[in-house]
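A.B. asks: Okay, here's what each chain looks like letter by letter:
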Amino acid sequence: MPDNIYLPKLARVAHIKDEVYGERAIKTFRVEPVDGEFFEHECGQCAMLSIFGRGESMISIASSPLIKEYKQFSIMRVGGVSSAFHELAVGDVIGIRGPFGNSFPIDDWRGKNLYFIGGGCGLAPIWPLITTAVAQRANFKNITVFYGGRTSRDIMYRAELEKLRETVDVHLSIDKAEEGWDGYCGFVPAAVMDKDPVPDNSIAVTCGPPIMIKFVIQNLNKLGFADEQIYTTIENKMKCGLGKCGRCNVGKDYVCVKGPVYSWEELKNLPEEY
Amino acid sequence: MINIQDIRDTARDMLAKGEVRAVIGYRRGSRGMLAEPAFITDPEQANELVWDPTCFHNLSLYLVHDRKFLAHIRKNPNAPVAIVAKGCDARSIVVLLQEHYFKREDVYIIGVSCEGTGVVDERKLAPHLNGFQASNAAFDGDDFVFTTAEGEKRLPAREVMADRCLECRIPFPKEHNAVFGEDKTGRQLEAPFAALTRFEAQEAGARWDFWSHHFDRCIRCFACRSVCPMCYCDECVVDSITFPVTHETTAEEKANRIRWIERSATRSENITYLMTRAMHLAGRCTDCSECERACPVNIPLRLLNNKMEREAREQFGFEPGASIGGQSLVASFLDKDPGDFIR
Amino acid sequence: MEKILDKKHLDGWIAALAEWDVLGPVLEDGIWSYQTASGAVRLDHPNTKQSPKELAFPQREIFFKFEQIKGEPPKLTQVVPDAQRHVAFGVRPCDGRGVPRMDLVFNDHVEDNYYQARRKNVAYVGLACNKPPSPNCFCLSVGGSPVSTEGLDVQMTDLGDRYFVKAITETGKGLMTAAGKLFAEPSAADQKQVKQVHADAVAYPQRAIRNPDGVPAKLKASFKSPLWEELAQSCIGCGICTFLCPTCHCFDINDEVQSKAPLKGQRVRTWDNCQFPDFTMHSSGHNPRENTGARLRQRVAHKFQYFPENFGMPQCTGCGRCVSECPVGIDIVTVVNKVVENAG
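Chains as they are written, first to last, in the working numbering: chain W, 4 to 277; chain P, 84 to 426; chain R, 789 to 1132.
Just so you know, the hints here were simulated from the structure itself, not pulled from any lab data. Every value quoted in this text rests on a predicted model; they were computed, and no experiment measured them. Think of the CB as a built atom: it goes at the ideal place given N, C-alpha and C, for glycine as much as any other residue. Not one of these hints is a red herring.
Ranges of calculated distance between the beta carbons of each label pair, as one might list FRET restraints:
# : chain 1 : residue 1 : chain 2 : residue 2 : range
1 : P       : 260       : R       : 817       : 37 to 43 angstroms
2 : P       : 287       : W       : 36        : 54 to 60 angstroms
3 : W       : 19        : P       : 291       : 50 to 56 angstroms
4 : P       : 187       : R       : 1130      : 37 to 43 angstroms
5 : W       : 163       : R       : 866       : 34 to 40 angstroms
6 : P       : 187       : R       : 817       : 39 to 45 angstroms
Next up, chain W with everything else stripped away, as it sits in the complex (with noise of 0.2 angstroms):
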């Protein structure tokens, strides 16, 4: 059957990093096409990730578009699929099928001002966006990064957001002070009140734990965003990556395929069973 959309292809892992240690590790995978090229995506899709015989396991791309010789993953341990990516190797084989879901309308926001707002693993599904618009540095007004952890071991891409620092504003957090730490100390929503940004002319993304992600919006929204300017993306457990399978669903849209970007004027009017 040619196109089988089951059939994964092979990638081999190039390089691995780790981000997080401990319980709840993060690991950073770049794999490269075994052969021939690996399908084009766009800032916010996904991919299915096997490594065979343990399964299968729906990861967002954390690198940008524009990079078209490797994708990269970061992958946190939580269950069987990530915990056999933590024992990868490199130069081990998986597979990969994709790219699945919707993407962030990045080309609406030439001429505004972009809010990242990340926390814990949250970071990885919105990186390829800011690498892209930083890339694309002309194309936007001001560029600010806000991204928290719970403590100071807990941030990922520590040098790529201090190697960010030279071209947009990153605010760093952590939940409790720390020694050390001079960066803002308490959760991300209030990092966000503390910056005050301006809803005029912007578009705020936010990604990380579900109470993060509610407070943030409960924050913007007091600040005068509305709920069209403010972008968010879900999960879902999924099986198929292309709407059959029928478990990633909220309300009538497959996660998968809808999905995982939405605005909050659009998920608000969803069921909330994310």
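Model the placement of chains P and R on the given structure of chain W, informed by the hints.
C.D. replies: What follows is chains P and R alone, placed relative to chain W:
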């Protein structure tokens, strides 16, 4: 003969006085004659309760649900739950009590005796109704009376009774707080284990063919497991669908979980599923036969459970659910236990 | 193409379909199921216990096999469904209407190769319901009818000693032409009789969902209704309702490992069920549908709200299987009526 109004009055009084927080019983369902489980908390609803030959459900399952729900919301029961229980159901409750699943004071058993009869087996009834669907079923002495569009149909109960009821030795709920109906223990409609004995008269080859055929037919809907009050484990070893994951469950625990059987409904997986379930019910199954009734493809599961029950009885003199103080089969050792199977 | 087939010629027709695997309803172990016809086929069944959906969407489908020697890249070999053509006889109109609904799911957005490979080799010869075969039939409430031809290739109507046989699709014409000599032209009296039989069938009383057109909006308004919890209180969370359903399509995908070193196994699709507790549970333990109320709501809303919103029709054909077979009496007709009524 049981007057349902007596049960309703008891339920209403207890609810009105706040002696129980709910009454789990039977009410008329919306599809034909069949009764369905009822969860009554308002005294006014007590009149919905029914008692008829379609009250086959073993409601003790819902005591298990209730216990799990309370554990989930981290609350202790503030009053017992009352439950309508037949002989077999009451023995299930006793097994749950033996296993300390809940406390005796947390449950108020409204016993109902299966007097001359038991419950109907829909599969046996169907050919008697000429394709008509009954809208009502009632006990009348040794008969069942069904109402259909053709009029009333009276059938000797033993012609359409479930096998488990025909072979039932103790149709009376010995463990109870209140009880309705006469104790007809000792009535003998069919010998105990009659169906099993008939089955076992066959050659081994024929028996293997029989089970291979039936194991192949299982669609793994898990209805037998889900309807069984004894299958209360939070994590079921034979089934991939229940694994208690909380926010505290570590990635290691999830990753290292052994998947004993695959989801594919193939013979090997089905055998492992059904046989393991039967083993885990040894000395616990009280022959309510809800698994067999629930099975949408008519796998004769009762034969498996009966086999275990008879082994327990013949080898160890064990009667599941006989008394709360009694030991459970697999957690007890007696000097007189046979050891001849150890080689 | 409309013809008359004497009942005694049914087996002759089936025998003429040599290229096809012909399935007919068989009563075995107390239940009706579609089985490959060997000998005479009788079409006096009420409805089969399981719908014929498994012909295009089997409970287990192997996608591919994988093999890997340590240190080497894995080898994948896709498994393609065999090309045997299957024709099911005696398909009831509700199950016929299940077919286009499954087609919508598996062809929407992208085509499912496995479903499609099987589907194109399946034909459905329907049998109109002269009267409802189950007391829980409600096809008229979901846009169907006991004489609907939707999804069928051929429709047969029982006229006593003969069948009125009508080709619906080109495939259906082909099936009839294969045994052309056995069929006779219908007389004016036959035409009149079939009209009458159909009219009587439609007039036969059924269970009913009240005001079916208003159901999607009422369900939408009832998402937070406490009624769901109450209606699902007795639910045991088994898979009967969805596994027997002619339109339920949810599935799981797993790797089944036969050997660890060298790694050998296969990736397999199996039916899944939204009523199982872990169906939507995230790896973290978070479960968007944590209790039976939320899961019952999903099953009902998917069929009567989400599917209509996406495809303009309910994803229920009123076969009544989930009603008749639920071990604890959860009745989708009653559930929909109660929720709608409660929504005011």
